[in-house]
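Trainee: Make a model of the complete structure from these sequences and hints.
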Amino acid sequence: MIALLLRDLKLAMRAGGGFGLGLSFFLIVSVLVPFGVGPENALLARIAPGILWIGALLACLLSLDRIFALDWEDGSLDLLACAPLPLEAVAAIKALGHWITTGLPLTLAAPILGLLLQLPASGYLWLVLSLLIGTPALSVIGTFGAALTVGIKRGGLLLSLLVLPLYVPTLIFGAEVARRGAEGLSLGAPLLLLAGISLGVLAVLPFVSALVLRMNLR
Amino acid sequence: MLRVSDLAVARGGVPILSGVSFDVAAGEALVLRGPNGSGKTTLLRTLAGLQPPLAGAVSCAEDSIAYAAHSDGIKANLSVAENLAFWAAVFGTSGTQEALSAFDLTDLATRQAGALSAGQKRRLGLARLVVTGRPIWILDEPTVSLDASAVALFAGVIERHLTAGGAAVIATHIDLGLTARTLDVAPYKARAANLRADFDEGFL
Amino acid sequence: MASIWEYANPVKFMRLSGQVLPWVSGGAAVALVIGLFWGFFLTPDDFRQGSTVKIIYLHVPAALMAINAWFMMLVASLIWLIRRHHVSALAAKAAAPVGAVMTLIALITGAFWGQPMWGTWWAWDPRLTSFLILFLFYLGYIALWAAIEDADTAADLTSVLCLVGSVFAVLSRYAVNFWNQGLHQGASLSLDKEENVANVFYLPLLVCIGGFILLFLALVLLRTRTEIRQRRTRALIRRENMA
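Chains as they are written, first to last, in my numbering: chain A, 7 to 224; chain B, 2 to 205; chain C, 61 to 303.
Worth flagging that the hints you see were computed from the coordinates, not collected in a lab. As the structure is a computational prediction, the values presented were derived from the model and not from experiment. Check the hints yourself; a few may be wrong.
Stated by the list, open to error - Subject to a maximum C-alpha distance of 30 Å in a straight line, what follows is the list of computed DSBU-like cross-link-like pairs (lysine-lysine):
| no. | chain 1 | residue 1 | chain 2 | residue 2 |
| --- | --- | --- | --- | --- |
| 1 | B | Lys-122 | A | Lys-16 |
| 2 | A | Lys-159 | A | Lys-16 |
| 3 | A | Lys-159 | B | Lys-122 |
Mentor: This is the structure we're talking about:
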């Protein structure tokens, strides 16, 4: 299992696209928003938590189709299915790999982009915390979507169509935590609900992803 | 070691072979023959457990099958040794070095797999079989893009695998020079008459 | 005693649905004509909302069917996953576009109702937002069916998507509630008699709901029959090719 994770990380590093691409996309989205809504600091400060969450979500989405597609094309997925590693573990590891290469760097980069968007000082801790708790859910849900569309050529757009509605609860609670944090409101409830979603999908969806992979490999 | 009884397989929802039965004992190799599209690949995928049979059963010890298909599952960005080491780790075995030397890849061990020629890639894909440590090899056209000397090398590896008590089912068109039984799949072609009533036939 | 699963056999389903379909379609037409005429022309205007209230006779039944169509797809998907009856999978496939259109009708009639009432075509109200999300789920489900070539794999994958989607749809409903308390009034119909709309609106509304249920049934039966015929054609072509 560790071997699969290490291999995926190594591939992400060497292919160049892995760490950098999602981060650059996140940066560009955050830079484009002020161009769209105007440079007014008060407005930016108010929408910064939401913008950063949406930027992180889209950056996550960007690399989802690589999760299984590459292994599917070169036959590795067939071989992994024959290996003693259960497909459930493969799905979980793939999600973890995706999180380490996208979710984690996005979380770490978010405060810097928060600075650009005039995020109030009280918001940084909660922004990072909400992303830290929420992005694993994005990776796990995305892995399920990638497993669903693995056999479809040019399934990237379809993948987005399937995954984005599934992202709604995570986005709502995550952005709510970040927003309330920035405005200094109490945020216990959304934080717990966000954590609940993350833990729930972590526990269940790798099994569903494996089921779907088996259906696709047939 | 591997027993196939009354197996029927489908490709894309269309039954393609039916009534296939054979046994492969330890130390034995079975060569499958048949024209393109006759269902050899589908049969092999079913044996490997990648797709469920329509009917019949494949019985063998659990976790005893290693499968090698047209695509080798090689990562272009990893070196030859790293590719093999990954599969060795997944299958919980060691012996990367033996596998490399068996396929004459030792000199290429540090080269990026993406920089290999087609034949060298194929040899790397086959070397993966050795590191799996599994007794039953299911091989789908293993000699594609191999030159004569590489084919001989490969035949030698299979020979050693069989003497060590392994078994192999190979779909191939060229003569590997092995003492192996041959099974022509053409007579097992599924006909509308001998299909089971489920599947699309339920709609008739 | 014939088991209900007998009708999972496509041939038997075709026979039964062929007999039932004219009656269901006729019933739908009659109920809709009566219900809508009664509702539009024979009920008084609401003292606050005026005649705009009458859009309720399209809005509420469509909204009900939008949710129940998804629920029917969920049950059909479960039946396919557990018992592997092809008719069930095809019925789920057939229901999706009907459900999507019902959702769209509910959203559009809602906009027409909301404009004079709330002064806006659209508000990010929990109910409205939930329906928009439901519509997105329908789109994804339909797109996944369309994208996969192998019919059984498509049935498998869409069934799993329907199951997972249902869970997330419910989650989204709660999340959206949490996110914004809305403008939308509470349910117009409930078992608690006190809260219901007045009788004079209530009866034609029930007839309209009955009509929409029959309409939904008729459309799903018709579409399922088409899907089955398509599969049968394909099976025949394959048999020809094999012979």
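Trainee: Decide, hint by hint, whether the structure agrees.
Mentor: Results of checking the hints against the structure:
no.: 1; hint: B:Lys-122 <-> A:Lys-16; in the structure: holds, 20 Å
no.: 2; hint: A:Lys-159 <-> A:Lys-16; in the structure: holds, 25 Å
no.: 3; hint: A:Lys-159 <-> B:Lys-122; in the structure: holds, 25 Å
The structure agrees with every numbered hint stated previously.
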